[in-house]
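Based on the hints, put chain C in the right spot on chain W.
Number of protein chains: 2
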Amino acid sequence: MELKQYLLEKRTIIDQALHEYMPQMSGPKEELFKAMGYSLFAGGKRLRPILCIASAEAAGGNHEDVIPVACALEMIHTYSLIHDDLPAMDDDDMRRGKATNHIVFGDAMAILAGDGLLTEAFKVMSCPELLKRAGAERFQRVIEIVAAASGPHGMVAGQALDIRTEGKKIDTGLMEIIHEHKTGALLKASVTTGAILGGASEKDIKSLDDYGKNIGLAFQISDDILDIEGDSEKMGKPAGSDIERGKNTYPAIHGMEKSKIILREIIDNAIETLEAFKERAEPLRQIAEYIIERRK
Amino acid sequence: MELKQYLLEKRTIIDQALHEYMPQMSGPKEELFKAMGYSLFAGGKRLRPILCIASAEAAGGNHEDVIPVACALEMIHTYSLIHDDLPAMDDDDMRRGKATNHIVFGDAMAILAGDGLLTEAFKVMSCPELLKRAGAERFQRVIEIVAAASGPHGMVAGQALDIRTEGKKIDTGLMEIIHEHKTGALLKASVTTGAILGGASEKDIKSLDDYGKNIGLAFQISDDILDIEGDSEKMGKPAGSDIERGKNTYPAIHGMEKSKIILREIIDNAIETLEAFKERAEPLRQIAEYIIERRK
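As they're listed, the protein sequences go chains W and C.
According to the numbering used here, the first sequence is numbered sequentially starting from 1.
According to the numbering used here, the second sequence is numbered sequentially starting from 1.
Because the hints were derived from the structure by calculation, they are not lab data.
Mixed in with the good hints, there may be bad ones.
Stretches of chain W that chain C covers, calculated by requiring three or more beta carbons in the stretch to come under 8 Å of a beta carbon on chain C [claimed, not checked]: (1) 32-45; (2) 80-93; (3) 100-113; (4) 123-133; (5) 161-173.
By construction, the Cβ of each residue, glycine as well, lies at the ideal position given by its N, Cα and C atoms.
So here's chain W without its partners, still in its complex pose (with noise of 0.2 Å):
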């Protein structure tokens, strides 16, 4: 298998389904439609929606069972990053090597295409065609799934701790459960939901939820040494404004060697949860060691 080719066909896959749930609109909701697809369609890797469709793949099934969730996913990541980089959260200028939304289009505006986005994820989810495929007992737990990661207890509440304790010193505790919520949760439905979407048994479900938790974990991590030692162009967005802004990373509290370690170790128990899955994991495999891979 080769990884790359992989990414870009589910890619292009996601990226298809993405134009048609969020089409381009004329007459009064012209312009909301234009913020919000200006964040959905900005280059973004769309490891979530390509985690879920993988996972679904490990578990037997495939990319036509996820498709609602799967973009989705990709909908509520993108509302919380056009939030996050509002002037009165992390108030950033720059996203992917493109201005951000609030930049365009204003502040109310960024706001609005945010709430839009989430909004749209529960009713491209909550569509017919998924519960007729997925059957209801599925349908119901992979909303509630995505749901749950995305809400107050999950990504929302890692994004107010984490602006909470900008400047602050934590200690490591406080450092992963905000991980764990503003990053670890959302990807780990990602898997969760693939798994369930893709018929697996419920101790299958528990294994790909391991790795998902891990996975989770792992790219938090590398995106915090990412900052530190990325190059700026690649990102699009400045090196090192973690630090400058007092953000509370694992290279600011263990050190980068350490960092490293602990990444390496993480990346090992993700694959090694998968290994029941033999050869139809190999995606989720290839995508845990590109998580450090990426680094390079």
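Leaving out everything else, chain C in the frame of chain W:
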């Protein structure tokens, strides 16, 4: 039937359920939940949940059929008020006689409190209990209706248009589109979801849907009138604030006298749609009259 007693009774049921869904938290999530609870328990009339219950009753069901959806509607309504009040949007300091969310908790936390309430609404609706009680088809249908009414084709579109047309002269058609989306969509969805979960036939759902559409419009016109003629103290915000801000309202476009005539006509239309429901729709009838009465 005594409406005052009816409203109080249903409000008590809703408030109790909301407190269960949105408990006080201690630890890292304390502030976020405090911010959400501050606005959710700020003395709202619970009109949307009550409409949902009354509609279910008209269809032959009862409040137990709709509790999660009724509470979700109130959470979504509350989130929309928090975000609308933000400095980047309407910049309101007072709401229902209390300082607005961002005045108390700051802009960042207010944005997150809104995001949290919106997402939690979908968590609450997607619970297994509702699936079990309503059955798969109704379960899917109500979540989709609420998402559609709240999102970028519904309420969010209305708010975007409202902001973009502030201080500009617009025609009646566009003003109606704004009202229909900003306030009407969620009020209508409250009635429609109640009808579906209460077990109404497709024909009865259609009638209640029409009632909801009329009620949504009537409520906005009545709000516009109240802004001019209302008692600042009762409203909890200064009278005349719409005019000052250059909002496009019914009285601004049609004049006060004609606005009152239109309002009466719409209320009559709403009540007419309820004919077939006989005494089961008495609360819905009285709520329609109350929309005019509350001005006095």
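Q. Which of the stated hints cannot be reconciled with the structure, identified by number in ascending sequence?
A. none
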